[in-house]
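Fit chain B to the known structure of chain A by using the hints.
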Amino acid sequence: MITNALRWLVLAVAIFAMNFPVLVTLVTSFKSARELSTNPGFWINAPTLENYARVLQVSDRLNIFAYLANSFAAAMIGTTVAILLAFPAAYAVARGNFGRRTMMPVIINLRAVPLIIFAIPLYMMFQWLNLLDTQLGLGLILAIVNLPLALVILVNAIADVPIELDEAAKIDGATTLQIMWRVIRPVVRPALVTTFIFGFITAWNEFLFGLMLTTNKAVPMTVGASFFFSASGGGIQWGMASAVMIIGALPPMVLGLLMYRQISGSMTAGAVKG
Amino acid sequence: MDRTSQYQWAILTTPLVVFLLLFLGFPALVNLVYSLSEVRFETLRTPTLSGLGNYVEVLADPAFWRATWFSLRFGVVTALAECLLGLFLAIFLAPLFRKHAWLIAPIMLPLMVAPAMIGLMYRLVLHEFVGPVPFFLYEWFRWSPAFLDVNTAFWTLCVVETLQWTPFAFLLFHMAYQAIPEDAREAAMIDGATPWQMLTRIELPLMLPTIILAGFIRFIDGFRVFDNVYTLTGTGPGGSTMSLSIYVYEAFFKQGAIGKAVAASMILFVASFGVLWSLNRLAARRRSS
Chain A
1 MITNALRWLV LAVAIFAMNF PVLVTLVTSF KSARELSTNP GFWINAPTLE
51 NYARVLQVSD RLNIFAYLAN SFAAAMIGTT VAILLAFPAA YAVARGNFGR
101 RTMMPVIINL RAVPLIIFAI PLYMMFQWLN LLDTQLGLGL ILAIVNLPLA
151 LVILVNAIAD VPIELDEAAK IDGATTLQIM WRVIRPVVRP ALVTTFIFGF
201 ITAWNEFLFG LMLTTNKAVP MTVGASFFFS ASGGGIQWGM ASAVMIIGAL
251 PPMVLGLLMY RQISGSMTAG AVKG
Chain B
1001 MDRTSQYQWA ILTTPLVVFL LLFLGFPALV NLVYSLSEVR FETLRTPTLS
1051 GLGNYVEVLA DPAFWRATWF SLRFGVVTAL AECLLGLFLA IFLAPLFRKH
1101 AWLIAPIMLP LMVAPAMIGL MYRLVLHEFV GPVPFFLYEW FRWSPAFLDV
1151 NTAFWTLCVV ETLQWTPFAF LLFHMAYQAI PEDAREAAMI DGATPWQMLT
1201 RIELPLMLPT IILAGFIRFI DGFRVFDNVY TLTGTGPGGS TMSLSIYVYE
1251 AFFKQGAIGK AVAASMILFV ASFGVLWSLN RLAARRRSS
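In the order they appear, the protein sequences are chains A and B. Quick note: the first sequence uses the numbering used here, first residue 1, plus one each step. Quick note: the second sequence uses the numbering used here, first residue 1001, plus one each step.
Rather than coming from a laboratory, the hints here were simulated on the basis of the structure. Quick reminder that beta carbons are idealized off the backbone N, C-alpha and C, glycines included. Misleading hints may appear alongside valid ones.
Simulated restraints, written as ranges between beta carbons of each label pair [to be verified]:
1) A/VAL106 / B/ARG1285: 11 to 21 Å
2) B/PRO1181 / A/TRP8: 42 to 52 Å
3) B/ARG1142 / A/TRP128: 55 to 65 Å
4) A/ARG7 / B/PRO1181: 47 to 57 Å
Chain A extracted, bound-state conformation (with noise of 0.2 Å):
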């Protein structure tokens, strides 16, 4: 009885612990300016919506819609073109062993790369083909971090489906890409769905490229975020600040918290499998 107290208490702790910034952020995007000044702690006394109110004004340095729309557009063409790329490939891998001795480990230990060391030349060469500064070039490079969990998740989803099906529909006359569209694709749809989810999420947070392959036009929410701490030439306004991190960080949370289950399991999967 009293060890499992204890371990609610441990339970109850570790989630306040590792959540912290995210409730200290929401609890202070509700404060005014005026109140943020005398009370850090956790208790509002006027709630306010003004900071949200003020962050949602769009002016010539910030526009919030502007990051949020770049952020999905760039996380949408990052996670569809790995899955387009990483699909057949990983059709080919499990059905065929082809890729599997070389492709397969070199692409999986992408993941351990440090990936600053492709920036450099990927900024020249973005600047030569004019894809600086675009949602089309952050995205592709976002399909290059979502592939290495993509294959994963996919070769280990196409291993799991019975090779009687491929050799029913080769009976019925189906070419090797007619199965792989017609019968594979419809029976590994949660694990397509889940490459989904988590790619978003994985390029919705993505920062460093962010970061130096966009200046203005495509300036994804993690990067857009910080601009404003520096809004208003002065001291930070903590209180929009905050709520520009919440919108920011909402979408992911929300995506995580709705399809928890699949997340930790392709997180594992994919750590223990590569």
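Quick look at chain B alone, frame taken from chain A:
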């Protein structure tokens, strides 16, 4: 496997391979050429080969070695802390998760937040006037340390990283712990094993591969850290929180020292390739033995 199907598999893989060659292979080549060249922003397209000068410059730069030391130390400290904490939570709280699976959700919530955002949030949390941590420390102890000065910034960042990524280690350990076969536990129970013996003789050994894996993944991520360090402290007071990733970034974007930045990238590339290659060899040997 007949010829035509090999051909088909190759076609299905081609888009991925081409994409990777274009976006990673080509940049790697550019890195190699530029690191051996004299290049400035004005002469970007016409680098002139100049030998190993850039590498010498990097290897003679004390800031490079400080950054290497920071990254190594940061990787080791955070990986250890995350694995120990994650292991403790996964095992001690296992009965709760068995009954209430949804408790996983609030625990893994920090993993859903961008590390860059977490870094920004801690600027608020630790702020001396508006941050709750200094506020409550003053309230309760009449004292609060400087969290981000030369001596403390490293440890503050370690705590920030550990609190965000312990859930990842926890998730791996949680899965591994649930996967321990019940017969193994029952057999030990029949032999009269105490709970402590059960843990140290049965459970931990069975979880060892996962522990090593989690430690390795977290070390790599700590070693290449950029986002949260950059948004919370930048290079830090006196460059005290400059990780290798930040070193490369600063060299290129702040100093415009392309040669130096590219040479440092190559060194990082070769180092990580070497480490990964030997680890993969090790894993392969373990699998085959």
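A quick look at each hint next to the structure:
Checked against the hint of 11 to 21 Å, the C-beta distance between A/VAL106 and B/ARG1285 comes to roughly 19 Å, which is consistent with it. For B/PRO1181 and A/TRP8, the Cβ-Cβ distance of about 28 Å falls outside the hinted range of 42 to 52 Å, so the restraint is violated. A C-beta distance of roughly 60 Å is found between B/ARG1142 and A/TRP128, which places it inside the suggested range of 55 to 65 Å. For the pair A/ARG7 and B/PRO1181, the beta carbons lie near 24 Å from each other, so the given range of 47 to 57 Å is not met.
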